[in-house]
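Q: From first to last, the protein sequence lines stand for chains U and V.
Numbered continuously in this note's numbering, the first sequence closes out at residue 325.
Numbered continuously in this note's numbering, the second sequence closes out at residue 711.
Treat the hints with caution; some may be incorrect.
Said to hold, decoys possible - So, partial list: chain V residues that the calculated Cβ filter (under 10 Å) puts toward chain U:
| # | residue |
| --- | --- |
| 1 | G353 |
| 2 | P444 |
| 3 | E586 |
| 4 | A589 |
| 5 | A620 |
| 6 | A630 |
| 7 | T634 |
| 8 | A638 |
| 9 | A641 |
| 10 | V647 |
| 11 | V650 |
| 12 | R654 |
| 13 | L655 |
| 14 | A656 |
| 15 | A682 |
Quick caveat, the hints were computed from the structure, so don't treat them as lab data.
Please read these numbers as outputs of a predicted model, since none were measured by experiment.
Beta carbons: idealized from backbone N, C-alpha and C, even for Gly.
The chain contents come next:
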Amino acid sequence: MTLFPGVKLHVVTGKGGTGKTTVAAALALSLAQAGRQVLLTEAEGRQGIAQLFDTPPLPYEERRVAAAGGGEVYALAIDPEAALIEYLEKFYNLRRAGSALKRIGAIDFATTIAPGLRDVLLTGKVMEAATRERRGGGRLYDAVVLDAPPTGRIARFLNVNAEVAGLARMGPIRQQADSVMNLLRSRQTAVHLVTLLEEMPVQETVDGVAELEAAGLPVGAVLVNMVRAPMLPADQLDAAAAGRLDGAEIAAGLKRSGIDATDRLVAALAAEAAEHAGRVLLEAREREVLSALGRPRLELPLLPDGADLSGLYDLAARLTEQGLS
Amino acid sequence: MTSYDATSAYDVDALLDQARILVCCGSGGVGKTTTAAALALRAAERGRKVCVLTIDPARRLAQSMGLSELDNTPRAVNDVDTAAGGSLDAMMLDMKRTFDEIVLTHAEPGRAQQILANPFYVSLSSSFAGTQEYMAMEKLGQLKREGRWDLIVVDTPPSRSALDFLDAPQRLGRFLDGRMIRLLLAPAKAGGRAYMKVLSVGMSVFTNVLTKVLGAQALKDLSLFVASLETMFGGFRERAEKTYQLLKEPGTSFVVVATPERDALREATYFVERLSEEQMPLAAVVLNRVHRSAAPELSVQRSLAGAETLDEAGDAPLAAAVLRVHADRLAAAARDERTAARFAGAHRAVPLVQVAAQAGDVHDLEGLRTIGEELANGPEASAPVA
Numbered sequence: 001m002t003l004f005p006g007v008k009l010h011v012v013t014g015k016g017g018t019g020k021t022t023v024a025a026a027l028a029l030s031l032a033q034a035g036r037q038v039l040l041t042e043a044e045g046r047q048g049i050a051q052l053f054d055t056p057p058l059p060y061e062e063r064r065v066a067a068a069g070g071g072e073v074y075a076l077a078i079d080p081e082a083a084l085i086e087y088l089e090k091f092y093n094l095r096r097a098g099s100a101l102k103r104i105g106a107i108d109f110a111t112t113i114a115p116g117l118r119d120v121l122l123t124g125k126v127m128e129a130a131t132r133e134r135r136g137g138g139r140l141y142d143a144v145v146l147d148a149p150p151t152g153r154i155a156r157f158l159n160v161n162a163e164v165a166g167l168a169r170m171g172p173i174r175q176q177a178d179s180v181m182n183l184l185r186s187r188q189t190a191v192h193l194v195t196l197l198e199e200m201p202v203q204e205t206v207d208g209v210a211e212l213e214a215a216g217l218p219v220g221a222v223l224v225n226m227v228r229a230p231m232l233p234a235d236q237l238d239a240a241a242a243g244r245l246d247g248a249e250i251a252a253g254l255k256r257s258g259i260d261a262t263d264r265l266v267a268a269l270a271a272e273a274a275e276h277a278g279r280v281l282l283e284a285r286e287r288e289v290l291s292a293l294g295r296p297r298l299e300l301p302l303l304p305d306g307a308d309l310s311g312l313y314d315l316a317a318r319l320t321e322q323g324l325s
Numbered sequence: 326m327t328s329y330d331a332t333s334a335y336d337v338d339a340l341l342d343q344a345r346i347l348v349c350c351g352s353g354g355v356g357k358t359t360t361a362a363a364l365a366l367r368a369a370e371r372g373r374k375v376c377v378l379t380i381d382p383a384r385r386l387a388q389s390m391g392l393s394e395l396d397n398t399p400r401a402v403n404d405v406d407t408a409a410g411g412s413l414d415a416m417m418l419d420m421k422r423t424f425d426e427i428v429l430t431h432a433e434p435g436r437a438q439q440i441l442a443n444p445f446y447v448s449l450s451s452s453f454a455g456t457q458e459y460m461a462m463e464k465l466g467q468l469k470r471e472g473r474w475d476l477i478v479v480d481t482p483p484s485r486s487a488l489d490f491l492d493a494p495q496r497l498g499r500f501l502d503g504r505m506i507r508l509l510l511a512p513a514k515a516g517g518r519a520y521m522k523v524l525s526v527g528m529s530v531f532t533n534v535l536t537k538v539l540g541a542q543a544l545k546d547l548s549l550f551v552a553s554l555e556t557m558f559g560g561f562r563e564r565a566e567k568t569y570q571l572l573k574e575p576g577t578s579f580v581v582v583a584t585p586e587r588d589a590l591r592e593a594t595y596f597v598e599r600l601s602e603e604q605m606p607l608a609a610v611v612l613n614r615v616h617r618s619a620a621p622e623l624s625v626q627r628s629l630a631g632a633e634t635l636d637e638a639g640d641a642p643l644a645a646a647v648l649r650v651h652a653d654r655l656a657a658a659a660r661d662e663r664t665a666a667r668f669a670g671a672h673r674a675v676p677l678v679q680v681a682a683q684a685g686d687v688h689d690l691e692g693l694r695t696i697g698e699e700l701a702n703g704p705e706a707s708a709p710v711a
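Looking at chain V on its own, in the form it has when it is part of the complex (with noise of 0.2 Å):
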């Protein structure tokens, strides 16, 4: 009953196969996290090492892959079908972990402790919005490095847009790097007149601004705060850019997300937009949640007449129920395909996999198969009746 051949085409299994770096990106409440844990159990019982990074897993389906000890590595999961080979491990990100990691690893241990005491490292650290994207890469580039696994499939954070995921950390860097800094170092290295003197106009207005702003203090720790940061990183824009080098090369994949809804799709086009313009590979976009009925060919109207029928005759209640269960249910599925097909007609050249919309919440193994079995299969493969 699909109409666009991209669809039937996708062969998610090869995909999942052949990558070795799978990014599931979209906006906020589309499945994300669920989708990227069905693709990651699929290619495991289908015999790959598979490790999957999530950001913010659902309590019970946490719980299910064995997440809830939050030790920032990753961790086995139980009951995966490891006939074929292949194994699963998984991870949620711990953001300020990991960036207390990158400290701690790369400081003398007393100015580590400096840092970390810092209150505008806590700050940083802890909830600029931003550091969770730049740790999530973070994070990708040391699972990476480690070697251990065939594919990482990574979820990314639940962003305000989903092009914050490809722009923090390079902001971040850039910051780290930039003009700012060198100047928010002058008083630290060269101290009193010294540094007055290579102030430009602009640059002194703005330590005034600062100093009226938020206090001496404050000035004086984030001064310090910078300082430490600068002898830890040494190039941090070049840190960030190794990171985002990652992501071009071969054997990376973007999955982007999407529901039938306005809102997510819009989001769904600009990140395929964006993909292409950066030459990143993006391998479909999956659209979840697509309501689908197993009698399309009992029409909305022919449906509601019958219930009305039954009403005034005012016998078979339950035969009426069902009936405008099924209206409703063919008329969302009427939508949710017009929907893909002004999608897919507007970009020809990406494949569209859809999901149907799950009964209830995907919350164990069983689920995500069933998910990873219709991302591979098209949706028919679950649908309720044969």
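So that you can see chain U by itself, here it is in the shape it has in the complex (with noise of 0.2 Å):
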């Protein structure tokens, strides 16, 4: 079962906090098991994509980070200055005016502060590696996988070029503005929203999927980061949360394994338990709330130990297993 087989552009978001890059990784190290070619790429110049898989920081230069089951991942991370230098090259035969230009600061004022230029810059690029053909020169890639900016702002983020269509009413940037449009609302793209299972992380889920519906950007999957498993009996939950648990039970399954059960190890471990079971309860209406959005919901676990390169495959593993490959 595949659940988005048109799918070429996944763009992934989520709150900060969420392990949005990491859940981005693991969706192309998902993708690149069938055997496909991966593009994996970073917006917003952090370097997360090196930090996860332990490589020096990534060059304006697509790199083979991973080899998985018959395909590979390779990363870009997406500089806003090169990418214009490009951009004039292609569209108007200008990379030696770049220097000039930078001498000015027009680089600058492009990239930094020019209304939504820079978000205008990384959209092309993506579209760009997106829809490469053979005799474009430059790689073919099966998929790309954008980690794109979180939640808060991604609508916006994607909904760059239509604002462009709106400020140049014609020529080349016009022309280029509505392509990138066109990919993005298109069958073949998904946009992927990074959640926990807590309160304010589910709210800007709900918001941002609203926002990009009314965008009319096409909204993919839900992706539930960093579950944990529940550990109490499912009938105990509601005791355990009010501080109800039977201390004599505890007491006396304690003694039977050996351990020396004081009243005050007793009453430690209620309490553990009572914050867990509460837990438990506030992630199950979160759930219910995610549910209410009618989107594929998929579901990863905490890792113990972190986000490390095995616990990537961990994660791209499930992602298998539920579809999302």
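With the hints as a guide, bring the two chains together.
A: Written out as structure tokens, the structure is:
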């Protein structure tokens, strides 16, 4: 079973702290498992991909970071300045003007200040990679995964080309803006939202889905990250959360396993169980909120030792199992 | 059980009683807003007149602080204990509105409307990454000038990097004062041939590119926008720098917020180093969501072995489950403690204040009080079991 068969561009967003970059990397690995060539791109200059794959900082150049099950993952950290120069060369044959522009601060202007231009360049580069053709030069990819800006900014980020179309009414920049919007709004794109089972990330996910829908952008899956397995019997959760676990029963069990069950220890363990149960019940409520979105929901376990390289492959396998491959 | 002295030595209450401005910074998702609100509430209940400027609070936390109204001015928070003579006002930053207000204050009425309607202004004021940081600084400056509060606590925008808060305002100021602007102003001021003459080669290449790329109408809009800004702001950079200086005044302190995770601590490290370069006073690093165990004497191995014994016997499923919960919790606590110790070891001069992981999301004043208590008296102050 594959959840998004025709999708070529996977955009991954999520609130800060939800593990968006990790999930994007795991998704790239999962897609590569099926023998695909995958490009994993990062748009925020944090070098998060290099850190995950334990490689030196990535230059503005596609580098192979992993091979998995017949496929390969390449990574690219998009640098807006380099993307601008590439862009000027492609559309206006102006590479040599680059240094003159840099001298007067025009590059600085374009990439950090000009309204949304930075986002235009980033989305433009992603589209270029996703729509490359055989004769155009450059490596061909079966899928592109974008580690995108956070949920709070995602609709604006992806929709920036619609705004550009409003500022530039004709010419090559308008054409470029239109074709980026066409790709992003097509069935070849899916925007996945990474969240935790906590109030604020879930609320942001709900808001993000609404904003993406309003902007006509295709919402993909909700990816719930860092899910903890419930450790208490389901029928004891309410009692545990309310602090009404049977202390005598716990004490008797402890004794049978050879642990000295002082009152203090039993009370401490019951208190820890109460917090755990409270968290599990809260997670169940947040899970229901996410279900109401009516989108495919995939869950990824909390990795006890953080997301190292082997953890990344674990997460990729979980995505594959659940149909995101 | 903490092995680093800085933790217990740092006096958060003394900071809250003396500081005039507290800036909370850190990467996204580490609990910055909650920390800012908890510090502000505690300072207010200790008798100071406090204003907290939040950027993007969780909905229910905002409601509990009476922040449902988005009118960009501080409002009194209800149910604050004012017995010590303090008070708490809170506001949520409305970035676009703050920018609009600057325009309305500094430009003549006709001109102001022209600016507000300009497409480039609309983009800059509502979506440029960096405007939010600049407006947070601007608002801080305004609140400070009002002089109504003993202490202003600022939450910083959820930037890509915590450093953006320090850099973005100057970048915006540099841009608006820079050569680019003078270039774009030229056509509006001189026009025609006189304008062509003053251009260097690089600049004429630039205007050509801009005309080609954006089209003539857009260039005209941009030029008009920039001209309007100039008459309005005089020295934008000067203004940005003045606000920046505010952050170096005595009475201003920074609180860097993080969680015991690799990425959050990396951002915290950048910030700590940057503050020290800029000679800006770092009060403390707050480590949120630190796991603690109420029964550290029962080891992970012992707990898991006990649970296994019970599983094999097939009885006492509750005790087995409770032991597993404990093992999991203790392992997390040990991990967090190692992480915290590593950070403390690398930054010996930086006080580290730890706050225990909360059982649920914090969304009322009572929850904030608990966190304030822990910030001041250590995580044991509210451990689940005494």
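Q: So, for every hint listed, does it hold in this structure?
A: How the hints compare with the structure:
| no. | hint | in the structure |
| --- | --- | --- |
| 1 | G353 | holds (2 Å) |
| 2 | P444 | holds (6 Å) |
| 3 | E586 | holds (7 Å) |
| 4 | A589 | holds (7 Å) |
| 5 | A620 | holds (4 Å) |
| 6 | A630 | holds (8 Å) |
| 7 | T634 | holds (4 Å) |
| 8 | A638 | holds (7 Å) |
| 9 | A641 | holds (3 Å) |
| 10 | V647 | holds (5 Å) |
| 11 | V650 | holds (5 Å) |
| 12 | R654 | holds (5 Å) |
| 13 | L655 | holds (9 Å) |
| 14 | A656 | holds (7 Å) |
| 15 | A682 | holds (9 Å) |
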